[in-house]
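Enquirer: Spelled out from the first residue to the last, the chains are:
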Amino acid sequence: MTHATLLAAAGEITSTSTGEAAVFWILAPIAVLAAVGMVLVRSAVHCALLLVANLFCVAVFYMVQQAPFLGFVQIIVYAGAIMVLFLFVLMLVGVDSSDSLVETIRGQRLGAAIFGLGFAGLLVFPIGSAIDGGSAKGLDKANEGGNVQAIGRLLFSNYVFVFEAISALLVVAAIGTMVLGHREREGGRVGQRELMRRRFTEPGRQVTPLPGPGVFARHDSADTLGLLPGGGRASGIGGIPGIPGTTEEPSVTDLPGGRAASDTPGAPGTPGRSDGGPGSAGPGGPPGSRGPDRPGGPGGSTPSAPVPPAPTDGAAADSGAGGAEPVDVNGSALAGAGKGDER
Amino acid sequence: MNPANYLILSALLFTIGTVGVLVRRNAIVVFMSIELMLNAVNLTLVTFSRINGTLDGQIMAFFVMVVAAAEVVIGLAIILSIFRTRRSASVDDVNLLKY
Amino acid sequence: MRVDPVLLAATEPGGQPIHYAAASGVFSLSWLVIVLPVAGAAVLLLGGRRTDRVGHIIGTLAAAASFVLGLVLFATLLGRDGDDRALSQHLYSWIPVNGFGVDVGLLVDQLSIVFVLLITGVGTLIHIYSIGYMAHDPNRRKFFAYMNLFLASMLLLVLGNNFLSLYAGWELVGLSSFLLIKFWEDRPAAATAANKAFYMNRVGDVGLALAIMFMFATVGSTSYADVFGAAAAGVIGYGTLTAIALLLLLGACGKSGQFPLQAWLPDAMEGPTPISALIHAATMVTAGVYLIVRAGPIFDGTQAARTVVVIIGAATILIGCVIGCAYDDIKKVLAYSTVSQIGYMFLAVGLGPAGYALGIMHLVAHGFFKAGLFLGAGSVIHGMDDDQDLRHYGGLWRYMPITWVTFGLGYLAIIGFPGLSGFFTKDRIIETAFDKGGTSGYLLGSIALLGAGITAFYMTRLFLMTFHGKPRWSSEGPAAKHPHESPVSMTGPMVVLAVGSVFAGGLFVLGHSLQDWLEPVAGTGVEGVHTFSPVVLTLLTLVVTAGGFAGAYLRYQMRPVESVARPDTEVSLVTFAARHDLFANTFNETVAMRPGQYLTRFLVWLDLVGIDGLVRGSAAAIGGLSGRMRRLQTGFVRSYALSMLGGAVLVVGALLLVRAG
Amino acid sequence: MNTVPWLTILLIVPAAAAVVVAALPRRHATLAKQLTLAVTLAVLVLAVIATFAYDPDKAGFQFSQSYDWISTFGISYSVGADGISLVLMLLAALLVPVVVLSSWDEVDGDAAGGGRVPAPTAAPDLGTPGGSAGGTGPAGDVEGIGPVGGVGGVGGGAGGTTAVLAAPAPARPVTFPPVETRGEAETPGRRSVPAFFALLLALEAGMIGVFAATDVFLFYVFFEAMLIPMYFLIGSYGPVKEQAQRSYAAVKFLVYSLFGGLLMLAAVIGLYVVSADNLGHGTFDFATLRQMEITPGVQKLLFLGFFVAFAIKAPLFPFHTWLPDAGAQSPTGGAVLLVGVLDKVGTFGLIRYCIPLFPDAADYFAPMVLGLAVVGIFYGALLAIGQRDMKRLVAYTSLAHFGFIALGVFAFTSQAGTGAVLYMVNHGLSTGLLFLVVGFLVSRRGTRDVGAYGGLAKVTPVLAGVFLLAGLSSLALPGTNSFVSEFLVLVGTFTANKPLAIVATCGIVLAAIYVLYLYQRTMTGPIVHPENKILHDLSLREKFVVAPIVALIVALGVYPKPLLDIITPTVTATYADIGKSDPAPPHPVAAYPGHTHPVGTHPVGTRSVATQPGGHS
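Chains as they are written, first to last, in the working numbering: chain R, 1 to 343; chain G, 1 to 99; chain D, 1 to 661; chain Z, 1 to 617.
Just so you know, the hints here were simulated from the structure itself, not pulled from any lab data. Keep in mind that the hints are not guaranteed to be accurate.
[What the hints assert, rightly or not] Covered stretches of chain D (in silico footprint by chain Z; criterion: 3 or more residues with CB under 8 Å from a CB of chain Z, positions within the stretch not fixed):
1. 88–96
2. 188–198
3. 596–603
[As the list claims (entries may be wrong)] Just so you have them, the derived chain G footprint on chain R, three or more residues with Cβ under 8 Å:
4. 27–39
5. 70–81
6. 149–155
7. 164–174
These figures come from a predicted structure and were not determined experimentally. Even glycine gets a Cβ: it sits at the ideal position worked out from N, Cα and C.
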């Protein structure tokens with residue numbers, strides 16, 4: 001679409017109905033605000049919700065613009081399916097996590113602002129300057145016999161090959177997801193019995209369920225483990241004295257980096273865990289944190305399970321018992337570290 | 001009211017999405033920003049479809065949605081598997097491919 | 001073999017055309033003269049060790065066959081008319097490129113046949129001599145192969161009918177000389193001497209090559225007929241002619257060991273003695289004389305060049321004589337004697353047509369007696385277990401009588417004992433020098449006369465120290481010497497050469513036989529006014545020679561000779577200088593070698609640090625730059641996204657600008 | 001009429017064989033060797049037959065074939081042979097089987113090891129990358145960026161410079177500490193034999209293609225394609241122990257050549273654009289392009305583009321520093337082909353493309369080229385004298401020889417031009433032989449350092465003899481092939497430019513020095529190193545390798561007429577085409593009665609003018 005045709009097209013635009021205008025002027029600010037909010041809010045869940053709001057607005061615009069099919073598809077597929085998928089993944093990754101909004105790359109925000117404004121300006125002003133009331137052809141003729149039917153006709157005539165290709169793409173995407181999500185089982189199949197046996201016989205295994213997210217250490221017992229504000233557990237398995245303040249603080253502060261401080265309630269505003277810059281994101285960390293059985297920390301500590309529920313990860317290192325473990329500096333952005341920043 | 005307003009709106013949304021991609025570190029939020037950009041584009045397509053009086057723009061938008069769906073599925077799977085290995089969903093942590 | 005039926009014609013000064021008649025009959029076989037030794041060399045070299053046992057025989061037979069063929073040619077030539085004795089044979093087209101059409105062709109005429117006979121004759125004798133001399137050398141086969149190669153090259157040099165063939169022979173004799181000097185190549189001195197010889201010869205070769213280029217650029221041809229025709233017709237400008245002549249002279253100086261390129265010749269004595277006799281006394285080193293005589297028509301046209309020839313000849317006479325007095329190495333003395341004798345020849349040929357024949361005459365005579373002397377020296381060295389120091393000899397006449405006699409005859413010939421070769425040939429040169437007239441005539445004559453005296457002195461010294469006086473060697477003790485006469489294969493050639501050195505000169509002079517024979521080639525000297533009457537001059541020469549003899553006799557016969565030379569610190573400045581080759585080597589080293597070495601080292605450094613440094617520097621700069629630049633690749637996706645956005649803004653902005661503008 | 005597509009056959013046979021050989025598994029090394037030898041011999045036979053089928057008296061290209069390739073841009077696959085390219089193809093076809101035979105055991109490295117004596121690694125000469133250019137090394141933190149790191153990362157900084165300065169010419173064992181430790185002990189067995197021979201075959205195809213191409217773009221393609229096999233030959237099959245140096249050399253070779261190649265590509269495209277402007281349709285066809293009039297300003301630019309590429313390739317004086325490294329680090333066979341044939345592409349390009357396409361520019365730049373040539377003659381010779389690494393020495397002698405060739409090409413006389421083309425062939429033979437012999441020595445002794453030799457003539461007389469013959473050919477002794485060409489170059493130059501020719505002639509003294517000085521140091525004198533006493537002389541295979549070259553060196557020295565007959569008409573036509581004729585001697589030789597040679601008066605000859613219709617003249 002060249003600028004000239006754009007102008008030509010814009011020239012034909014006519015004023016539309018006032019109803020539409022009303023809808024537009026109500027929903028457009030909402031859409032923009034939702035979008036801006038999505039960018040600005042810290043919590044990923046809030047982001048998702050704001051995006052949904054935006055999507056709804058856009059869906060309405062579709063419908064207003066004689067594309068009811070797309071509008072509904074938008075609601076069903078986007079706002080329905082896709083956003084649910086998002087939220088699902090968010091839950092998997094850690095629902096309680098929020099982003100640090102402290103920028104770590106120098107000049108990134110400034111650059112984003114300048115270029116963003118510039119880009120918006122480039123996009124908006126030519127269009128704005130082109131608005132001088134033309135006439136839109138409208139889709140009345142095309143939508144004769146129904147928008148869905150018309151689209152269906154086109155889809156299975158002119159665009160049939162593209163359609164088929166897209167279907168293939170979907171299949172590939174499905175297979176790809178399976179491939180990505182699949183993990184090879186090592187060794188033979190492990191049954192319930194064996195799992196149970198391991199749970200109780202192997203040292204250092206978690207017998208009780210892991211604490212639920214967001215549960216702070218009101219009590220610390222074998223069945224309800226104490227949870228530190230940073231997401232770490234207050235003690236080992238059933239370790240009684242795990243309540244913050246009563247546990248050995250030094251073991252926490254011994255940990256390298258600003259991490260300990262950020263997890264400590266008394267040090268708010270310290271740059272988050274990834275503020276150490278790229279250098280601290282050593283590759284050594286993650287594999288270590290995956291290790292099924294770390295060499296025994298003092299006190300038969302609480303190694304995190306290979307696929308733990310969210311809160312146990314990086315935070316595990318916060319516990320004094322797990323002090324022997326190299327700190328999982330680049331632990332979860334969503335789970336552990338964010339907590340400190342949130343304050 | 002002028003249909004071109006939709007274009008301006010979509011330009012704004014697109015830009016906001018872009019900025020979102022640039023400033024957010026959480027991979028999932030980045031992904032959402034991308035969805036926002038796609039939506040902005042879709043809005044443009046639909047608007048032009050209306051301006052030109054043909055349905056091709058809508059078809060295009062439809063395809064974009066389908067592709068976006070596929071992309072989201074794959075993208076989230078990738079994010080998950082990265083998260084699994086690196087315990088992080090921050091795009092800044094995935095920076096091994098560098099100098 | 002195609003015989004070019006077309007006559008190569010040129011005009012000579014008188015305006016009559018000279019015919020190089022097409023070779024026919026036996027002359028169409030003249031190529032065989034060259035090919036025979038080539039075949040000998042090829043068989044010996046390619047045959048490898050299989051031919052070890054018969055190598056010397058094959059080599060000698062090839063040389064002898066060549067000699068016989070030369071004799072046949074000579075005899076046939078004798079039977080022809082005086083004007084009809086130049087026969088040209090076109091063999092094949094060598095380098096045909098448009099205007100530059102060089103053919104391989106042979107020219108058998110009076111001059112070349114003399115050389116053919118000298119080369120093959122003396123060559124054959126020395127082949128025979130070498131059978132005995134090299135009997136114990138494991139590489140005797142190679143020696144003979146190289147000797148055959150040398151014969152072929154030398155024959156090509158003298159038989160070619162154009163300058164490029166001559167040049168080919170010229171360089172090939174240089175190669176043979178190189179190969180033979182370094183024959184005992186495990187001696188570093190021999191290898192160095194061989195290289196030195198080749199280098200200095202190459203300097204001369206540059207002159208010859210440039211002269212040929214001048215000829216082609218001026219005349220459009222390199223064949224004798226065209227070039228001489230043009231020179232004689234006077235169509236070549238004086239300047240060009242002089243340049244050509246001087247360049248030819250440079251070549252001649254290099255090959256003949258003349259000043260300033262004389263320094264290689266004494267060093268070349270590192271080669272086996274037969275080589276010194278054949279190449280570095282009798283034949284190759286006289287090629288320069290041949291060249292000047294052959295190029296007579298060119299030199300005839302330029303007095304300036306001729307003067308230079310004369311000056312070089314005269315200077316070399318003195319240089320050779322003076323240094324010859326100082327050395328104690330028998331071969332080196334003979335070598336410097338060769339240098340000075342060739343100086344005589346140069347002097348002669350520099351005097352113009354009057355001297356050409358004399359120069360050739362002296363050349364041939366010198367070929368006999370100097371070869372004889374060298375072979376005698378070889379015999380002595382052989383008998384003294386490879387000791388070459390005169391001061392370790394003495395009284396040898398008793399032990400090696402044949403050598404004594406033959407060497408003595410050669411010695412008498414070279415100092416110009418009345419009736420022997422040198423007497424006839426050298427005296428005529430002195431005479432002609434005086435006859436040149438004017439101050440220069442007197443000067444040249446005096447130098448030649450003085451040279452004769454000094455020659456007598458150092459040759460007498462050599463002879464007396466070797467064969468007479470008290471033995472300065474002992475037949476007992478650790479350094480025991482058992483001097484003995486050499487085998488027949490060695491003494492035989494010595495006898496023949498001695499006979500030659502006795503009679504050759506006389507034969508040539510009697511009835512002007514050689515002069516008349518050469519006259520069509522060399523031209524006739526205008527019988528000028530004698531400065532002195534020949535009789536007076538002969539007497540004068542005899543007196544000077546006798547003086548030299550007497551001096552040496554008094555010094556080296558009447559007084560005992562120390563067996564160790566006095567150290568450099570105790571000798572006079574002249575002796576010191578003479579012992580150091582009049583500082584020729586020092587000069588060469590200071591002027592050419594050392595600066596060359598420094599230049600080379602500097603250039604190696606420059607190449608490494610300068611040119612290649614620039615290259616590698618730019619590579620390193622780019623490497624360093626990219627090392628910095630890659631830091632931009634932070635790995636943060638968001639940075640990349642930002643730059644993409646920036647790019648998009650730029651592109652869209654630029655597009656809009658273009659549209660708007 | 002020639003209906004047989006000789007050139008295409010010559011091109012396809014080795015290319016196809018390369019694919020086949022490359023596909024052979026490693027264990028079939030012997031089969032690969034035999035197959036390669038058979039194919040290359042077949043190519044040689046074909047080339048010889050083609051030579052006989054060639055008619056030197058016909059003008060223009062013969063065996064021509066042309067098929068559209070990329071018709072949008074007027075690019076076609078078109079091949080053809082003229083006198084110049086034919087002899088060079090012949091040279092390539094001759095040298096490859098020789099190289100194959102000479103490399104028979106080089107890659108596996110065990111058979112030749114019989115006489116191999118463990119020796120200290122070659123002390124690389126003053127010029128090897130070890131002595132880093134003072135302080136120009138890249139920053140130390142730049143590591144792992146490939147061979148560039150080997151350039152100066154090794155650097156002793158300024159120390160390298162002073163060491164070079166202070167070093168006396170004789171024995172200076174240069175050690176290579178950082179590189180030596182890095183070069184892990186790579187066993188020869190790890191190298192794939194079939195791949196090596198496939199590379200040789202590919203190289204042969206490339207060489208023939210580059211000479212045969214009559215489409216400028218096709219020429220460019222082959223010009224660059226040749227680099228690839230050579231790059232791998234140097235980088236993968238160079239001296240086993242000198243991993244870093246050889247990859248340095250390989251990259252240097254490649255970067256240099258690509259740099260020139262890209263300039264040429266720009267010029268080639270420029271030609272296309274110019275032709276599109278002039279003719280209405282763009283073309284890369286050489287025959288069409290050479291008849292096109294180009295404005296002098298454009299000519300100069302395009303000329304420089306081509307010239308720099310060829311000057312690097314040849315190489316001429318200031319662009320030469322890749323050659324010693326590449327020559328020293330190549331396997332012997334690679335070095336032979338590199339210097340023997342590959343570099344000829346540069347000089348070939350000068351006379352084939354630079355001169356006919358851009359006559360005015362050639363005229364304009366001739367003084368510069370001639371100057372570079374003469375400087376190169378002396379510079380190469382002096383540096384050769386100063387080398388201690390034998391292969392580098394030979395490479396530097398080539399620099400001097402290329403000076404002569406360039407001199408001949410740009411003297412604009414038919415003698416000099418013919419001499420230059422003949423020189424290309426002769427240099428391929430003589431320097432090829434020199435490299436072969438040096439390679440034999442190195443394979444026996446394991447070092448390229450001159451100081452490790454001495455007195456070998458006694459132990460290995462045949463080797464020494466061949467070495468001397470190669471050297472004599474290199475110094476252009478009459479009776480060897482090089483003399484004819486060198487003298488032609490000089491005499492042709494002399495008629496056009498006396499001072500230059502006089503200066504250049506003095507270079508032959510230096511030639512004598514570098515050859516004989518090398519011979520003296522390696523072959524004569526007492527045997528200093530006891531290891532040298534047990535070296536064995538040339539084996540039968542090696543004799544077979546050198547025999548054809550030796551025979552040709554002598555034969556072409558004595559009777560060069562067959563080659564000259566092929567070369568002369570083409571060269572004459574080339575010069576006539578741009579309006580150059582041999583300067584006639586002032587002396588009217590034709591005035592002599594009965595004189596048979598019409599020398600000098602019509603030097604170019606009427607025939608050649610007549611046979612080149614539509615040329616610039």
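Enquirer: If a hint holds in the structure, say so; if it doesn't, say that too.
Expert: Here is what the structure says about each hint:
1. 88–96: Coverage by chain Z holds here, the residue count being 5 at a Cβ distance below 8 Å.
2. 188–198: Check passed, 7 qualifying residues.
3. 596–603: holds (count 6)
4. 27–39: holds (count 7)
5. 70–81: holds (count 6)
6. 149–155: holds (count 4)
7. 164–174: n = 6 at 8 Å, threshold three: holds.
When held up to the earlier numbered hints, the structure conflicts with none and fits them all.
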